[in-house]
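Those protein sequences? They're chains W and E, same order as listed. First residue of the first sequence? That's 1 in our numbering, and the numbers climb one at a time after it. First residue of the second sequence? That's 1001 in our numbering, and the numbers climb one at a time after it.
Since the hints were made in silico from the structure, they are not lab data. Glycine included, C-beta positions come from ideal geometry on N, C-alpha and C. Some clues are possibly wrong.
Part of the chain W face toward chain E, derived, beta carbon under 7 Å [as the list claims (entries may be wrong)]: (1) THR27; (2) ASN31; (3) GLY42; (4) LEU43; (5) ILE47; (6) LEU48; (7) ARG54; (8) GLU55; (9) LEU61; (10) LYS98; (11) TRP101; (12) GLY104; (13) ALA108.
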Amino acid sequence: SQQGEEDPQALSIQEGENATMNCSYKTSINNLQWYRQNSGRGLVHLILIRSNEREKHSGRLRVTLDTSKKSSSLLITASRAADTASYFCATDSGNNRKLIWGLGTSLAVNP
Amino acid sequence: ETGVTQSPTHLIKTRGQQVTLRCSSQSGHNTVSWYQQALGQGPQFIFQYYREEENGRGNFPPRFSGLQFPNYSSELNVNALELDDSALYLCASSLPRGLAAAEQYFGPGTRLTVT
């Protein structure tokens, strides 16, 4: 079963624009992680945010977490064609170290 | 690129057969997780191995089994293959983060097709 739900399902933007994708989940979490998947580099970890953190940055990535709304957002600034990929959120709840994944947002960055 | 490798890259099997997929974890990582990813879906957690013992399992039937070896490499075995088992199988290695899931380092996957 999927815990996370990414929104939108698909997003198409021009190079240089910002891209925002959202993730909602159902149960309380220990942490939330974002991953990127493309055909060239497989599934790659982007950022982990703990349940007691509200915002985290990594390069052009900014992640926010609102545990009261059970939601997170991933912002990619100044997008590049190489950012074209599917983006997944994955949540960890309980104490079994199991990650539950959403269906992903497909991002297309047009040159 | 991560240091996680998987073999084989692609595999075609017939319904009812058995398959073994292999994974070598990134150096120093003692935890391996296996995921099934159907086309257009997110990965689904199958199980995790930590220090050679199963340490958590998803909603998969017992015909999905695994092993972890002393060098932390791992195998995923699937018996009595069904058509719905056709998917990309991903292996990920990690270091324990207490009771919480850690950052996963994924291999390139094995594409299994069951006919």
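Taking the hints in turn, this is what the structure says about them:
no.: 1; hint: THR27; in the structure: violated (14 Å)
no.: 2; hint: ASN31; in the structure: holds (5 Å)
no.: 3; hint: GLY42; in the structure: holds (5 Å)
no.: 4; hint: LEU43; in the structure: holds (4 Å)
no.: 5; hint: ILE47; in the structure: violated (9 Å)
no.: 6; hint: LEU48; in the structure: holds (6 Å)
no.: 7; hint: ARG54; in the structure: violated (18 Å)
no.: 8; hint: GLU55; in the structure: violated (18 Å)
no.: 9; hint: LEU61; in the structure: violated (14 Å)
no.: 10; hint: LYS98; in the structure: holds (5 Å)
no.: 11; hint: TRP101; in the structure: holds (4 Å)
no.: 12; hint: GLY104; in the structure: holds (6 Å)
no.: 13; hint: ALA108; in the structure: violated (15 Å)
Of the hints listed earlier, those the structure fails to meet are numbers 1, 5, 7, 8, 9, 13, in rising order.
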